[in-house]
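Chemist: Here are the chains, one letter per residue:
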Amino acid sequence: MAVINMREMKDNQSGKISSIKVEGELGRRIRDMGLIPGTEFTVQGRAPLYDPVAVRVRGFTLSLRNREADYIDVEVN
Amino acid sequence: MEKQLERVSVALGGNPNCGKTTLFNELTGARQHVGNYPGVTVEKKEGYTRRNGTEVHIVDLPGTYSLTAYSQDEVVARNFITESNVRTVINIVDSSNLERNLYLTVQLLELGVPVCVALNMIDAAEKRGITIDADKLSQLMGIPVIPTIARTGHGKNELMDEAIKLSRTTEKRTEFEISYGDDLDSALSEMVTIIEENNFLSNQYPARWLGIKYLENDELIISKGDAVNPTVSNKLKKIVKNTSTHLQKTLNTYPEALISDYRYGYIASILKQGVIKRQGDINKLELSDKIDKVLTNRFFGPLIMAAIVYGLYQFVFTYSETPVGWVEGFFGLLNEAASNNMSEGMLKSLVISGIIDGVGGVLGFVPLIMFMFFGISILEDSGYLARVAFMLDKVFAVFGLHGNSVMAFIVSGGIAGGCAVPGVMASRTLKSKKEKLATLLTVPFMNCGAKMPVMALLVGAFFAKDEATMMLIITVIAWSGALIVAKILRMTVISGPPTPFVMELPPYRLPTIKGLLIHTWERTWQYIKKAGTIILGISIILWAMMTFPGLTENEVAFFENQRETIQKAASAELLGEIEAAAEDEEAEFSEAAAAIKEQLETVDMLEAEKALRNSIAGSIGTAMEPISQAAGFDWRTNIALVGGFAAKEVVVSTLGTAYSLGEVDPEETGSLSETLQKDPAWNPMVALSLILFTIFYAPCFVTVVAIGREAGSWKWAAFSMIFNTVLAFTVATLVYQIGSAMGF
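Protein chains in written order, with the numbering used here: chain X, 1 to 77; chain R, 1 to 744.
Note that these hints are calculated values from the structure, not bench results. One should not assume that every hint holds.
[Said to hold, decoys possible] For lysine-lysine, the following PhoX-like pairs were computed, each having C-alpha atoms within a straight-line distance of at most 25 Å: (1) X/K21 - R/K290; (2) R/K290 - X/K16; (3) X/K10 - R/K238; (4) X/K10 - R/K394; (5) R/K293 - X/K16; (6) X/K21 - R/K238.
Note that the structure is predicted; figures quoted are calculated from it, not measured.
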């Protein structure tokens, strides 16, 4: 078990959110879409220009920018 | 006596991509219309359906994931629920994404409104190995839950029955409470007591909901509270502050984060009680994800995207040719009928030059626009447009815009054929003022459906060989111009940090024919309405501007004299020949008669041209000519461009009017395009310069008004007019001067 930043995850890597360190609108958007501590997800891939990242979470696909993923820490194996 | 129909009102709410629009179309069919929510430009769709003698009025709320104060869509949705007399919300949820969809349901319930859940796309969920026990869900949440399949209409009758039943309940509010943990719950109960004691905003909102909004730091509610009763508001804020500090110390978290956690926790606890059964991995790759592996692939993605955009062009240009011909033929017949059956004079001139040419020039492009919208609707409804945003976000972020700016750009004509008015309104999904403003100010550079006739005319006349290529180049110029200007704006007049992207990539779905047709029709109708009313009005005003004050008596006499001189010099035999030929279109002239005829025509044309130059529009155009010549525009083009401020398609109809007024021979029915080709004042360089000017200059006044409203300030509306025109003139002049110097 190691905690890394979401940006550092590789394609197809799975993990569990350990913390989201952002308030305000961005924090709200991230949480509203179901990314909260304890949520498991898989990195599905990245856009052709390596940003944004697409993740598979709660049965749907969500995309967010790398600089937004920076606020999310993830437990990975 | 016929029984009076009972009427109830319900609202449709739900996440984007949950099948809400499909269900709305299925319920209301053709009985719907599109308007705006009062005071804002968020689209409001309303419709009617009938069920067992009850007339159900359905309002389609904007699709949202939540009910925060961060986006106008969400504010509109929650205001509508709390302020209108709608008594029931049908909450459509995507059965395959129950957890995230129920997150909105919880918030709707907290608003105290009776909610009925439509468990939509239940078939798709089953295919994915998800079984949902609707009765169990209904029982646990205490609300009706009806499985539906919007596409087929499955379950819609049961849904209507439940909605009608709910609308008849007499209780104003339903009680719904979830626990947010000890810390927040005790803060909330303290706040509820204060709110209820002081009757603080509680006519409009449930007390606990207000408390939650204060904890969530909801700016709109807090400022409303400050305005109504600052003392109470401050008391509430103090509780929030204490709770917040306590949470920071003990749990290292914020109230709003904890609220989301508990909402999702509540949903998870319900689903765990046997509501949902899954076979296999919830995040396993569906067909849609496999398609994405190709469509958003690093190498193939952009290639396919370019191919799709280009394919859309080809589709629009090739398949619309026949119906375009029909419309043109129809207006040709009208024109002929009018010119044969009406006596010479002001009225005939008004009907032909003002009305038929003006409206016909615009309506001729309706099929083109229809094909374009149809194509775009397919991309939109299939989910591909979201991938376009996904793939292009990096690019947009570089220019200080948002991935979602793509929508505004595309609706405005990023894929040629949109309209900047809805495009400007589409920018409403952008929550950051700065990105929104940058988008608002640059979307008018896109090739909207109204600019298309101008582009099509110029390209058809001067670059006919490479029509499709040229149109693609025009799109590229519009895009790069818009992006560069956006970057400049974001670095100067509207600088600031970027806003969140966080966006769902919905599963690919086959669009429904019904949805496509309604969508296409709505958008096309919007264009026709604009063309039919504004354009007709403008055409007539312009006709008046180009006709009055006309020639002085002396001038009329001067031209009459010239004609008489020519006729006197000619033999009676030749004049007879010309007169006879006027009756017979196929008549052949002798060389001498043709020469006389040409002399007479030249006098007529000079007279008409003199009359036009004398007119109000002519004076304006002529006055500007010394300046506009730098970009290659003569006074006719100037008049047309002034008309284009009213609506871009007017550029074509004005040029048409200007040239048909200057053209005397009724046999010469060549299109405007041929007229321009023959005119010595025109060449490909002038056409290119005008194309560039048309891309960049002041948006039509309808767009300017929309920009003013969206930006919340007329300052920005004025800015867009002045800035864009100066920019356009600079670009057009540079290209024209350099191109001409190089001998093109």
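Chemist: Look at each hint and say if it fits the structure.
Modeler: Evaluated hints:
| no. | hint | result |
| --- | --- | --- |
| 1 | X/K21 - R/K290 | violated (32 Å) |
| 2 | R/K290 - X/K16 | holds (23 Å) |
| 3 | X/K10 - R/K238 | violated (44 Å) |
| 4 | X/K10 - R/K394 | holds (19 Å) |
| 5 | R/K293 - X/K16 | holds (23 Å) |
| 6 | X/K21 - R/K238 | holds (24 Å) |
When each numbered hint is compared with the structure, violations occur for hints 1 and 3.
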